[in-house]
Every structure is written in C-alpha cells, then in structure tokens.
Amino acid sequence: MVVKPKKQLAPPRWTFKTEKKVLTLDLPALPKAKGNRTLPRTDFLGKAGIVLNLKHKNWHFYGDQTRKIPFREDIPNCHLREEEGEGLTKPQLSRLKKLLMEYQDTFNPGVEATPYIEHRIDTGNAPGDRVWVTTHLKSNKANQKSTKFTPRRDGPYIVTTQSSLTSYDVADPNNPKVPLGTYPFFSFAPMR
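FYI, in the numbering used here the residues of the sequence shown are 1 to 192.
Heads up, some of the hints might be wrong.
Straight line, CA to CA, 27 Å or less: simulated DSS-like cross-link-like pairs of lysine-lysine [stated by the list, open to error]: (1) LYS17 with LYS98; (2) LYS68 with LYS57; (3) LYS90 with LYS55; (4) LYS98 with LYS55; (5) LYS47 with LYS17; (6) LYS177 with LYS141; (7) LYS68 with LYS55; (8) LYS47 with LYS90; (9) LYS47 with LYS57; (10) LYS98 with LYS47; (11) LYS68 with LYS21; (12) LYS47 with LYS68.
It is worth saying that the hints were derived from the structure and are not from the lab.
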C-alpha cells in the first residue's frame, strides 16, 4: 500500500506499508513509463527483506516462510517490447543492431535451445602417466612430531584410473594392478 511521498525531491521518498513493516525508500520517477510511474531500484527487495520464489510464483519476508503471498500477476516473459530501446542514442542503436545481426541465429525465436556444457577439467594427467605424489606421513603425537608442514614426494608412481573429475588412482609401476591410493591432481608432479 503506497501512502504518499514525504517531499518532492529528486528522487521522491515513498513510504510503503507491507504486513508488519514500514519502509521509506527513494524511487526515481519515470515520466514516460506506462502504468508504473516509479522505478524500484534493485536494493528495494533487500531493504524490504522480501524473498521472491519465482518457481512457485509467491514471495515472503526473510525469516518468515510460513506466510507466503502469491503474485497478483504472472511474471512476463523477457521479450522485447515495441517501445524497447526508445531512449538509446544512435551509436547505441547501431551497436545493438550489429550485435543482434551477429548473433541472429541465437536470438531468433524457435531456435532449439543450446545444450548444457559438459564440464571437464583438464588436469594434464591421464592413465599411464608416471608421476611423483606429494604425501603426508602420519603425525607421531608421542614423539611430538607433526608432519603437517613437511610433505614428502613419493614415487615414481603410475596413474591407473581417473576416480573423479580431479582425482586419480595411482599404483606402483612394477605392480599396476594393485592401486596404492587415490590422490587429487594437485598432489602430482610429472616425471622429468
């Protein structure tokens, strides 16, 4: 519920009353806007403590998920309106036109969606590579010795299989069928 502006400053201050909260925010006026005459800035939702749930088409106040308020209207699709870009200068319009022409096949409606990228991290290691492995021996508390800051390079070992995106199983080159352990790629140093 919009009450009234306190003063006609640029931008005017508006007082909003929502549920249990009263907010005073600056909202710049848009004289050529149709329907809405003010523009809430992006910090409006944060200051108001409003959390939008676009999937379920409702919103609630931060910390109170029991009272969910449905949207009054469906959220419009992000299509260009006829009056879109009226405020652009000629150089901006020409840059936009050039961009749209350059990526015409991407922006045309009816084009099949681009599939998600399959993420791969090139660690530089592959099965069969010979590497040194940085290991940490177990600390000996009885002798008051800590090996936390004294890593040791062991090897050479052979990379046998890739366990995950960034970790590999290693084995002794003389007995490659028996894995010695799984290590992350950053603990490897290539054999020279």
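Hint check:
Between LYS17 and LYS98 the CA atoms are separated by roughly 45 Å; this puts the pair beyond 27 Å, and the hint is violated. Distance restraint check for LYS68 and LYS57: the Cα-Cα separation of roughly 10 Å lies within the 27 Å cut-off, and the hinted pair is therefore satisfied. For a cut-off of 27 Å, the pair hint linking LYS90 to LYS55 is broken: about 38 Å separates their Cα positions. This hinted pair does not check out: LYS98 and LYS55 have alpha carbons roughly 34 Å apart, beyond 27 Å.
Of the supplied pair hints, the one linking LYS47 and LYS17 holds, its CA atoms being roughly 13 Å apart against a limit of 27 Å. As the CA atoms of LYS177 and LYS141 are separated by approximately 34 Å, the hinted pair breaks the 27 Å bound. Restraint check for LYS68 and LYS55: the C-alpha separation of about 13 Å stays at or below 27 Å, so the hint holds. At roughly 37 Å between alpha-carbon atoms, LYS47 and LYS90 are farther apart than 27 Å, so this suggested pair is violated.
Only pairs whose Cα atoms come within 27 Å are accepted, and LYS47 paired with LYS57 is accepted, the gap being roughly 21 Å. Under the criterion of a C-alpha separation no larger than 27 Å, the hint pairing LYS98 with LYS47 is inconsistent with the structure, at around 38 Å. A distance of roughly 15 Å separates the Cα atoms of LYS68 and LYS21; the hinted pair therefore holds under the 27 Å criterion. Note on LYS47 and LYS68: the hinted pairing holds, with a Cα-Cα distance of about 18 Å set against a maximum of 27 Å.
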